[in-house]
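Chains as they are written, first to last, in the working numbering: chain A, 1 to 206; chain B, 1 to 206.
Since the hints were made in silico from the structure, they are not lab data.
Nothing here was measured: the structure is a model prediction, and the numbers come from that model.
Glycine included, every Cβ here is placed at the ideal spot set by N, Cα and C.
Treat the hints with care, since some could be wrong.
Stated by the list, open to error - Derived DMTMM-like pairs (lysine to aspartate or glutamate); straight-line CA-CA distance at most 20 Å:
(1) A:11 with A:21
(2) B:18 with B:181
(3) A:11 with A:119
(4) A:18 with B:119
(5) B:18 with B:40
(6) A:11 with B:192
(7) A:18 with A:128
(8) B:11 with A:116
(9) B:18 with A:21
(10) B:18 with B:30
(11) A:18 with B:40
(12) B:11 with A:67
(13) A:18 with A:151
(14) B:11 with B:116
(15) A:11 with A:116
(16) B:18 with A:30
(17) A:11 with B:67
(18) B:18 with B:93
(19) B:11 with B:21
Stated by the list, open to error - Among chain A residues calculated to face chain B with C-beta under 10 Å, some are:
(20) 126
(21) 191
(22) 196
(23) 197
As the list claims (entries may be wrong) - Label-pair restraints from in silico Cβ distances:
(24) B:32 with A:99: 39 to 47 Å
(25) A:73 with B:73: 29 to 37 Å
(26) B:114 with A:87: 52 to 60 Å
(27) A:87 with B:21: 20 to 28 Å
(28) A:21 with B:85: 22 to 30 Å
(29) B:180 with A:115: 43 to 51 Å
(30) B:29 with A:99: 15 to 23 Å
(31) A:34 with B:165: 21 to 29 Å
(32) B:32 with A:73: 27 to 35 Å
Protein chains: 2
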Amino acid sequence: MIIYDLTMPIKTDMPVFKNRDINRPILAVDRSHEVNHICEHRLTLNLHTGTHLDAPLHVLPDGATIDTFPLDRSSIDCQVFDLTAAGRAITAESLQHLDFRTGAAVLFKTINSGVDQFDGQFCYVTADGAAYLAMHGLFLVGIDSLGIERDQPGHPSHKALFAAGTWILEGLRLAAVPPGDYILHLLPLLIDGAEASPVRAVLTTR
Amino acid sequence: MIIYDLTMPIKTDMPVFKNRDINRPILAVDRSHEVNHICEHRLTLNLHTGTHLDAPLHVLPDGATIDTFPLDRSSIDCQVFDLTAAGRAITAESLQHLDFRTGAAVLFKTINSGVDQFDGQFCYVTADGAAYLAMHGLFLVGIDSLGIERDQPGHPSHKALFAAGTWILEGLRLAAVPPGDYILHLLPLLIDGAEASPVRAVLTTR
């Protein structure tokens with residue numbers, strides 16, 4: 001069995017959305033070996049930092065929260081597709097040659113996987129691409145950018161997927177992962193009433 | 001298959017160590033539906049809040065960090081033992097009738113599972129109890145208190161377990177879990193160089 005860790009390390013100089021310092025995580029010292037003979041840190045991060053799972057509340061005022069993620073799907077059938085050829089936008093047309101399995105997690109490896117820093121023109125899923133995905137009964141859609149959409153007023157891609165009951169996984173590291181069939185493993189934190197959680201995302205071969 | 005979620009929900013009024021307000025997590029609003037038409041929160045928490053995994057760096061200045069947790073052990077053979085009879089301290093004597101499996105994760109259900117609030121006199125593992133556990137080649141030891149030891153200068157229980165290569169899982173919720181054999185599932189966050197991580201801890205029946 002091969003294990004792929006799809007997770008971005010959480011650290012101050014990690015790529016963050018729009019390179020804004022306000023989006024950088026902070027790991028502050030609460031206690032140190034030097035002073036207290038024990039080490040404790042305090043982490044501050046926006047829940048959409050690095051590799052994270054979005055819940056419907058992120059874009060829908062009455063949407064489901066992250067604590068409703070079904071634990072019986074924490075290890076799930078997963079398809080990884082190479083969509084490098086889609087360029088900077090995954091449209092319905094980009095997707096029509098793909099054979100999705102109902103109920104699966106689907107991860108898109110795009111041009112983003114070739115870039116280590118935040119790219120304002122990152123590849124995303126367009127509104128019509130998301131509407132196409134929403135017809136396939138997917139459990140989850142994931143992408144190797146910090147957001148599944150960009151510059152779309154009203155967030156139609158998020159909304160189309162959430163309306164279909166599909167979870168959204170962002171900030172994946174897929175550069176080392178060959179396209180194919182896997183098991184995806186995810187255990188979001190149990191943050192009461194929150195709209196997202198940072199996660200450790202892991203693939204194993206079947 | 002039965003699934004048990006062993007995780008304490010992360011929220012402001014959760015039980016925290018010594019009931020200190022400084023130990024309470026903060027979920028602050030970065031963006032709201034009312035103002036920004038999107039919801040984003042920023043979480044601030046000490047890494048030892050709620051259900052969390054300790055790495056050796058917590059008590060050993062040169063100890064291994066949380067990002068070295070082996071992902072090939074993220075789903076692992078697990079034994080849950082009822083040590084309610086041990087009272088407020090798990091000693092070597094409390095443990096001698098137990099049959100540990102080498103390489104397993106071992107979780108202790110104690111009097112702490114009967115209490116919903118922080119109890120300053122919580123049941124812990126004594127230095128000699130930890131030394132006994134350290135002889136059994138365990139992958140992990142977990143307990144239903146926020147700390148595996150209390151009021152022991154120099155943290156000998158943590159140190160004995162870490163010296164044996166045993167990870168420490170604290171803040172478990174075991175009240176609903178019958179003693180027996182399970183699979184434990186854990187995926188700590190990839191926090192660069194940190195001494196711990198909050199986790200979602202899950203048991204499944206075999």
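Practice item. Determine which of the earlier numbered hints do not hold for this structure and return their numbers in increasing order. Key: The structure breaks hints 2, 4, 5, 7, 8, 9, 10, 18, 20, 25, 27, 28, 30; every other hint is satisfied.
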